[in-house]
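Go ahead and model the full structure; you've got the sequences and the hints to work with.
Protein sequences, first through last, are from chains U and Y.
Going by the numbering used here, the residue at position 281 of the first sequence is 281; the numbering climbs one at a time, nothing skipped.
Quick note: to get the numbering used here, add 1000 to the position in the second sequence (first position is 1).
Computed footprint of chain Y on chain U, listed as stretches where at least three residues anywhere in the stretch have a Cβ under 8 Å from a Cβ of chain Y:
{"id": "1", "segment": "41–48"}
{"id": "2", "segment": "99–107"}
{"id": "3", "segment": "117–123"}
Calculated lysine-lysine pairs in the BS3-like style (CA-CA distance at most 30 Å, straight line):
{"id": "4", "chain 1": "U", "residue 1": "K164", "chain 2": "Y", "residue 2": "K1112"}
{"id": "5", "chain 1": "Y", "residue 1": "K1044", "chain 2": "U", "residue 2": "K164"}
{"id": "6", "chain 1": "Y", "residue 1": "K1221", "chain 2": "Y", "residue 2": "K1074"}
{"id": "7", "chain 1": "Y", "residue 1": "K1044", "chain 2": "U", "residue 2": "K162"}
{"id": "8", "chain 1": "Y", "residue 1": "K1112", "chain 2": "Y", "residue 2": "K1044"}
{"id": "9", "chain 1": "U", "residue 1": "K203", "chain 2": "U", "residue 2": "K162"}
{"id": "10", "chain 1": "U", "residue 1": "K162", "chain 2": "Y", "residue 2": "K1112"}
{"id": "11", "chain 1": "Y", "residue 1": "K1223", "chain 2": "Y", "residue 2": "K1074"}
{"id": "12", "chain 1": "U", "residue 1": "K43", "chain 2": "Y", "residue 2": "K1112"}
{"id": "13", "chain 1": "U", "residue 1": "K164", "chain 2": "U", "residue 2": "K203"}
{"id": "14", "chain 1": "Y", "residue 1": "K1087", "chain 2": "Y", "residue 2": "K1221"}
{"id": "15", "chain 1": "Y", "residue 1": "K1087", "chain 2": "Y", "residue 2": "K1223"}
{"id": "16", "chain 1": "Y", "residue 1": "K1087", "chain 2": "Y", "residue 2": "K1074"}
A few chain Y residues that don't get close to chain U, going by computed Cβ distances all over 12 Å:
{"id": "17", "residue": "P1084"}
{"id": "18", "residue": "W1165"}
{"id": "19", "residue": "I1206"}
{"id": "20", "residue": "V1224"}
{"id": "21", "residue": "P1254"}
Calculated from the structure, these hints are not laboratory results.
Cβ coordinates follow ideal geometry from the N, Cα and C atoms, glycine included.
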Amino acid sequence: MTTTINRPAASPQAAQPTAAPAVSVQDVSKTFRLPHQQYSTLKERVLHPLRSTEYDELNAVQSISFDIAQGEFFGIMGRNGSGKSTLLKCIAGIYGVDTGRIAISGRLSPFIELGVGFNMDLTARDNVVINAIMLGLSRREARARFDAVIEFAELGEFIDLKLKNYSSGMLVRLAFATAIQVDAEILLIDEVLAVGDAAFQQKCFEEFFRLKREGKTIVFVSHDMYSLERFCDRALLMERGVLRQIGEPHDIARAYHKINFGTLPHEAPVSGPLEAGTAIADAWFEDTSGARVAEASQEDALRMCFEVRFAEDLDDPVFAATLRTELGHTIIVARSDERNAASGSFKSGESVTVRFELPNWLTPSRYMLTPSVAREGTGADAVALVEDMTSIVVYGNSSGGILEMPLQMKIERS
Amino acid sequence: MSTARLPIPGRAPVSHRVHGPSALSGDLRRFWSLTFTLARTEFKLRFYGSVLGYLWTLVRPLLLFGVLWVFFTKIGKVNDQSAPSAKFYGVQLLGSIVLFTFFAEATTGAVKSMVDREHLLRKIHFPRLVIPSSIVLLAMFNLALNLIVVFIFAIASGVEPMWSWFELPLILGGIVLLSAGVAMLLAALFVWFRDISPIWEVVSQILFYASPVIISVQTVKEKVSSSVLHLYMLNPLAVIFQQFRHAMVTHATPSAGSLLGSWAALLEPLAIVVGIFVVGFAVFDRSASRIAENL
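Next comes the structure, spelled out in structure tokens:
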């Protein structure tokens, strides 16, 4: 039909003697034109042939350059809309670049997302074959690898079930199992690890390591710092289309933390409850030198602070600072009445600042501080309490637990 | 899966440049297997999608045929049923309807094809031409099945085998080429101009009546001057349908060549078909690199 017209796909560059980078991105920019009207019509074009359509320009990727070495597990990080997916699509050849040059050595997998082209009305059997063909296998190869796919996905008994009856976890398993069948030397993966149950995720990670041991290059786009630090050899951070930083995953994760949680409410004190009574005027975190901080390294001790303005006379009130994760799990409750210590007497009109200092054993994440003041006793009779008044971002190493306590270990032969 | 493929030492892979998406790129084997897979999947879905499945794709042209047949032979009498060219009018009518159904399916299906397959275009690197090609191929599957019905109907009506049946590949080649050209053009234009869809619905409706589907060319010839007839026969569909009727059904109806005066005059509609194909490809090829980001 149209097979007579053939265009050479790419003019091969001169072979480089030493190992060329798997992916080489040089000064790549990509701008999208966003027209003001959603769609133009032929009618408009005919009636107003000279009117130029108005549009905004979005500089999704701005002159980015970097190389990815053969066999590297490379992460691309950034917030939503930072241009990381656009960059990946440029590397994959789904979007053409405006300026610059992208070169790859080795076979590139043609997909960037799992389960692309899955049809919910077909069985897993059909979908696996179709998907494999889309990924570049021939029909025969696709059929030959079918058993391996189903075995890996652990879906043996469901192969003739239509995909619409699959759970989302099963779908991901099937998609992942199909995707790794591709004989590509460079894999591009956009946000995949957030799904599936824990056991399968672990299996996926193992599979990634296997691919890596085989010398495959993996480019991985994510905003999950945990998988970034765990898997990547190197990473880059994008912000609003610009390359912010490139280097060790640990440093990138830290920089990402900063741009993600950089502006924290501690700079603009949240006013306490608008009542005439005792109120918490301000809450913040500070380091041991007394400077207010929005983020803290695990190595340094941390202070949780808040200021209380009394509107009544109170004897031995209970001051407390509760630290919770963003999910609302309580990690620490620091109380002034521990070991029956008396806090003292306070007069109406007085203002005091309460500071709790603690070693920072927290795992990297964001934590919310809830300061409170309660009447003498159990601490249940609160006179002032502000939920999640301020927050802090902790960076450092993560073992996967919620606390990174100093440990000692001994191994003795018995 | 279990075999570890270690990189072969000493063999440094050749670095090559990544180009953006295009209409045709990479190897043709992948182009074909993707086109075939997409068409086959779609066909399968239609086949198994409902209880009657394939019957539905057959019912539409047959119903249209039934209505037109009753109306134009029993009530309206547009054609002179006693004229020699009206021999096997039913087979002529059904054959033309089946061919037109193919053209309509291929082109109308192509209009929204790129937009409907946004999830593929935005996520996978593959030659963009695969999508309109698979739509045309799907229509070809249906055409093949419908032609079997036409064949059975022709034999049952008493049409006798003729040497000119060997012209069938040429006739089908012509309509496939034309449909593919229009399909590429519409698929690319719709991405930028969303009113192509209603416009094309009207245009294809006009083409149905502007081609010898219901009325034979003979009837047209009796009513209009030779220059108007010439204009009428510039429509490639008119040439294709008329030649189908002549070569496949009965020599009692004139061939497209004799209607135009000479076989050489057939070069004009042929040039139009090739022209549409070339323009269609050029437009598609030019827009292919930016289709994904404009969906």
